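Engineer: Residue-level listing of the chains:
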Amino acid sequence: MRLWAAIGTLLALSYGMALAEEEYSFDLSEIEEKPLHIGGYLEFRSVLFGLDKNSALHKLKLYDRSKKNVREEYNFTSLLDGSYKKGTTEFHAIVNTDFKKSYLGWSEETTLYEGYMSLRPSSTFNFDIGKKTLKWGKGYAWNPVAFLDRPKDPEDPELAREGFVVGSADYIKSFDGPLKTFSFTPVLMPVYDHINDDFGKINRLNFAAKTYFLLYDTDIDFIFFTGGSKTNRYGMDFSRNITSNFEIHGELALIKDYKKRFINSDGTVFNEEYDATNYLLGLRYLTKSDTTYIFEYFHDATGFAESEMQDYFSFIDKGYDTYLSSGDDSLLRKASNAAGGSYNRKDPMRDYLYLRASQKEPFDMLYFTPSLTGIFNIDDESFTIGPELLYTGIKNLELRLKATFLVGNSYSEFGEKQNNSRIEFRVRYYF
Amino acid sequence: MKKTLFSILVVLAIVPVVAYAAQKDAAKIAVASNGKEAASSISTKAGKCPYYLIFDGTGELIEAVDNPYKDEKKGAGSQMADFLANKGVTVVIAETFGEKMIEAMRSNSTDYFQLQAAVLDAVKTVLNPGNQILMKLDRNLNPESYESYRKLINIEPNGRKREYVLFTTKKGADKVAGLFLSPASEKGRSTLRLDENMWLYIPNVGKPIRITSLQSVVGGVFNNSDILRLDYASEYFVEKMEEPNDKEELSDKYILHLKAKTKTVAYDKLKMWVDKDKVLPIRIDCLTEASMLIKTIYFKETKDFGDKIVRPAVIETDSPLHKGYKSVMIFAKIKKRTFEDEVFTLTFMPNLESLRQ
Chain A
1 MRLWAAIGTL
11 LALSYGMALA
21 EEEYSFDLSE
31 IEEKPLHIGG
41 YLEFRSVLFG
51 LDKNSALHKL
61 KLYDRSKKNV
71 REEYNFTSLL
81 DGSYKKGTTE
91 FHAIVNTDFK
101 KSYLGWSEET
111 TLYEGYMSLR
121 PSSTFNFDIG
131 KKTLKWGKGY
141 AWNPVAFLDR
151 PKDPEDPELA
161 REGFVVGSAD
171 YIKSFDGPLK
181 TFSFTPVLMP
191 VYDHINDDFG
201 KINRLNFAAK
211 TYFLLYDTDI
221 DFIFFTGGSK
231 TNRYGMDFSR
241 NITSNFEIHG
251 ELALIKDYKK
261 RFINSDGTVF
271 NEEYDATNYL
281 LGLRYLTKSD
291 TTYIFEYFHD
301 ATGFAESEMQ
311 DYFSFIDKGY
321 DTYLSSGDDS
331 LLRKASNAAG
341 GSYNRKDPMR
351 DYLYLRASQK
361 EPFDMLYFTP
371 SLTGIFNIDD
381 ESFTIGPELL
391 YTGIKNLELR
401 LKATFLVGNS
411 YSEFGEKQNN
421 SRIEFRVRYY
431 F
Chain B
432 MKKTLFSILV
442 VLAIVPVVAY
452 AAQKDAAKIA
462 VASNGKEAAS
472 SISTKAGKCP
482 YYLIFDGTGE
492 LIEAVDNPYK
502 DEKKGAGSQM
512 ADFLANKGVT
522 VVIAETFGEK
532 MIEAMRSNST
542 DYFQLQAAVL
552 DAVKTVLNPG
562 NQILMKLDRN
572 LNPESYESYR
582 KLINIEPNGR
592 KREYVLFTTK
602 KGADKVAGLF
612 LSPASEKGRS
622 TLRLDENMWL
632 YIPNVGKPIR
642 ITSLQSVVGG
652 VFNNSDILRL
662 DYASEYFVEK
672 MEEPNDKEEL
682 SDKYILHLKA
692 KTKTVAYDKL
702 KMWVDKDKVL
712 PIRIDCLTEA
722 SMLIKTIYFK
732 ETKDFGDKIV
742 RPAVIETDSP
752 LHKGYKSVMI
762 FAKIKKRTFE
772 DEVFTLTFMP
782 NLESLRQ
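Protein sequence lines correspond, in order, to chains A and B. Last residue of the first sequence: number 431 in this note's numbering, and the count goes up by one each step with no gaps. Last residue of the second sequence: number 788 in this note's numbering, and the count goes up by one each step with no gaps.
Everything labelled a hint here was simulated from the structure, so no lab data went into it. Small disclaimer: the values here were computed from a predicted structure and weren't measured. All residues carry an ideal CB built from backbone N, CA and C; glycine is no exception. You can trust all of the hints, since none of them are fake.
Where chain A lies over chain B, by a calculated footprint (3+ residues, C-beta under 8 Å):
| no. | region |
| --- | --- |
| 1 | 580–589 |
| 2 | 608–622 |
| 3 | 640–646 |
| 4 | 760–768 |
Keeping only pairs whose Cα atoms sit at most 16 Å apart, straight-line, the calculated EDC-like set for lysine to aspartate or glutamate is:
| no. | chain 1 | residue 1 | chain 2 | residue 2 |
| --- | --- | --- | --- | --- |
| 5 | B | K764 | A | E30 |
| 6 | B | K467 | B | E491 |
| 7 | B | K694 | A | D217 |
| 8 | A | K395 | B | E617 |
| 9 | B | K754 | A | E361 |
| 10 | B | K764 | A | E33 |
| 11 | A | K85 | B | E784 |
| 12 | B | K671 | B | D699 |
| 13 | A | K53 | A | D64 |
| 14 | A | K230 | A | E273 |
| 15 | B | K764 | A | D27 |
| 16 | A | K395 | B | E594 |
From just these sequences and the hints, can you work out the full model?
Structural biologist: Okay, structure coming up:
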C-alpha cells in the first residue's frame with residue numbers, strides 16, 4: 001500500500017515537474033543564429049468608399065464614370081523580407097507585391113522596396129549600398145526633414161515605403177559626459193535615367209548628410225541636402241523625454257529657392273520662388289490608464305494657401321460645367337495635371353494638426369486597441385476623423401477595422417475629396 | 432543557567448558586529464579623483480585620472496596620490512590596478528574602468544565600483560553595508576558587460592500564453608539593448624536604453640522612437656524598465672537594511688528598503704528580500720512613493736550559467752493592478768562579453784542582429 005502511495009506521489013510529482021517544465025520551457029533551437037532569414041507578411045484589405053458626387057475631386061477623377069454612391073476595392077499584398085549574412089557582410093531585400101481590384105479592374109504591381117548590401121567592419125563604421133529607406137526625422141505623421149524619403153501617408157504613417165538607391169555610411173562614437181553619442185551619416189544619391197528618376201532633376205549626383213547627437217538626454221540631428229535634383233535644403237530635429245511618460249519632438253526644415261506652381265480660377269499658371277521654412281512640433285503622452293496621445297502641429301510653407309486651393313476647386317467646377325455642356329474635358333485634364341500634381345498630394349495645404357488617442361486593452365478586453373485619429377486642416381477648418389479597432393489576439397495575426405469620415409465646407413480640402421467616408425478591414429498574417 | 436545562556440547570546444550578537452567592524456576598518460578605498468580634496472568629483476577615467484584619494488575604513492582621507500601612469504599611452508589601467516594593490520587598497524572607485532584595469536583588479540582580488548558622485552559621497556555609499564550588498568547583488572545577477580537570451584511569457588487568467596524571445600546585451604551601469612527574435616510579427620524590432628533614455632525601432636516602419644519606462648513593448652506585467660533593467664545600485668540607494676536575525680522570516684536573508692535616486696526611475700521604492708549566502712534577490716516588491724504595491728517580482732531556479740555566473744534563471748511577476756495575469760522571464764546563454772560603446776546608440780539599433788554569434 002505504502003509502495004503504491006510512494007509511486008503515486010512520485011508520478012504526481014514528476015507530472016507536476018513536467019508541467020512546470022513545460023510552462024517555462026526555453027528551446028535553444030529558437031535562438032539559433034541562421035545566415036538566411038525570410039519573413040514578411042500576407043495581407044488582405046478591403047475598402048468601401050462612400051463617394052461625394054458633388055465634390056471637386058469626384059468631378060475631376062470620375063467625371064466620365066458611372067455615378068455610384070459607393071465603390072469597393074480589394075487588395076491582396078505580400079511583403080517579403082529576406083536577408084543573408086556572411087561574416088561582416090549582409091544582403092537585405094524587401095519586395096512588395098500588390099494585387100488590387102478596383103473600379104478600374106484588376107491590377108498588379110511588384111516593387112522592390114529595399115535591396116541593399118551592408119558592410120559592418122566594426123560597430124563604429126558601417127556602409128550600405130543599394131535601395132533603402134533612410135527614415136530621417138522625429139515626427140510621427142509628417143517628417144519635413146526626411147529629404148531623401150518618400151512622404152508618409154499621415155492616415156497610416158506606419159506603412160512600409162519604397163526607398164531610393166543610395167550609398168551611405170555611418171560613423172558612430174560614444175562618450176561619457178553630457179554628450180553621450182555622436183554619429184555622422186553621409187549619403188550619396190545618384191539621380192539618372194532609370195535610377196531614382198522620380199526623385200527630381202536627372203543627371204545629378206546628390207549629397208546629403210545627417211549629424212546626430214545625444215546631448216543632455218536629447219536626440220538632436222542636423223541635416224542637409226545638396227546636388228541639384230532638388231533645391232538645397234537644411235534641417236534639424238530633436239526629441240526628448242520630459243518625464244517617464246511624456247515625450248516632445250520637433251523638426252525644422254529650410255528649403256531654399258522652392259518653386260511653387262499654382263493656377264487661378266481661370267486656369268492661368270503662376271510661378272513663385274521663395275525660401276520655404278517648414279516645421280513640426282509634437283508630443284507623445286501616456287496616461288496612467290494606458291491611453292497614448294500623439295499630437296503634432298505641422299506647418300508646410302510649400303503648401304497652398306486657402307485662396308489658392310479655392311481657385312483650384314473653382315477651376316475644376318468650371319471644367320466640369322464645360323464637360324457637361326459640351327463633352328470637352330480638356331479643362332478637367334488641365335486641372336488634373338496642374339502644378340505637376342502638387343494639388344493631389346497628401347496634405348497639399350499649409351497648416352495641419354494631427355491627434356491620435358489609442359487605448360490599450362480597455363475594459364480588460366485583451367489584445368484590443370481602439371484608437372481615434374483626427375487630421376485637422378487649420379487653414380480651411382476641414383478635417384478627417386477615424387475610429388479604429390486593432391486586434392492582435394492570435395499569434396502573428398493582426399486584424400484592423402478602420403473607418404474614416406471626411407468633413408468640410410465646400411471648397412475646403414477634406415470637403416472636396418472624392419469620398420466623404422471610408423471603411424477598411426485589414427487582415428495581416430506575419431510569417 | 433539563565434546567566435550562561437544570556438552570556439552566550441550576548442557573545443553571539445557581538446561577534447558579527449566586531450567582525451564586521453574589523454572588516455570595515457581593514458578596508459582601504461582608493462577613488463579616481465579630479466582633485467586632491469575629498470569634495471572633488473570622481474574622474475571618468477580610472478587609468479588616466481590625475482589623482483587617487485585613499486580613504487581608510489572609517490571614511491577618513493589618509494592620502495592623496497599623483498597618478499604616476501596618467502601620461503602613459505598604453506597599459507595605464509592595469510599598471511594603476513597593481514600600484515593600488517601594492518598600497519594595500521581593497522576597493523577602487525571611478526566613474527568608468529577600462530577592461531584591462533578590471534581584469535587586473537579581479538586578479539588582485541580588488542573590489543571596484545563605478546559611481547558618479549563627489550568623492551566623499553561615493554566613499555560613504557561604498558561603506559554603507561546595505562549599498563555594498565546591493566552592489567554585490569548586481570554583480571552576482573550579471574557581469575558588467577554580457578549578452579543573454581530571454582524568453583518573455585505573458586500568461587492570461589485563462590492560462591493562455593504569449594511568448595517573445597529576445598537577444599539582449601548590456602554594458603556598464605547604463606547601457607542595455609534588446610533585439611526581438613520571435614514571434615514573426617515582432618522579429619527585428621529592437622529596443623535601446625541609455626540611462627533613462629529608451630527607444631524602440633520597428634524595421635520597415637520608421638526611425639527609432641522614444642518610449643517610456645512605464646510602457647511595455649510586449650504588454651503583460653513587465654514594463655520596459657523591467658525588460659531593459661539597469662543595475663539596481665545605479666537607480667536606487669539603500670534607505671534601510673534589515674539584517675538576518677532570530678525571526679524566521681529573516682533567519683537567512685536581508686531585507687533592503689531601496690529608494691529611487693531620481694524621479695525618472697520607474698518605481699519610487701523597492702523592498703528587496705536577499706539571500707544572505709548567495710547574495711541574490713529572492714523577491715522584490717515594487718512600490719509607489721506612498722508604499723502602494725505595483726508589482727512583485729520573484730526570482731527562481733538558481734542555475735550555473737558557466738564562467739562563475741550563478742543566478743536565478745526564471746523571474747516571475749504579478750501585480751495587484753493586473754489581477755490574474757502573470758509574466759515570466761526565462762534566461763539562457765548568459766555570457767560575459769565585451770561590446771564597444773557604439774553598439775548602444777540609436778544609429779546602431781537597426782544593426783543589432785549583426786552581434787549574434
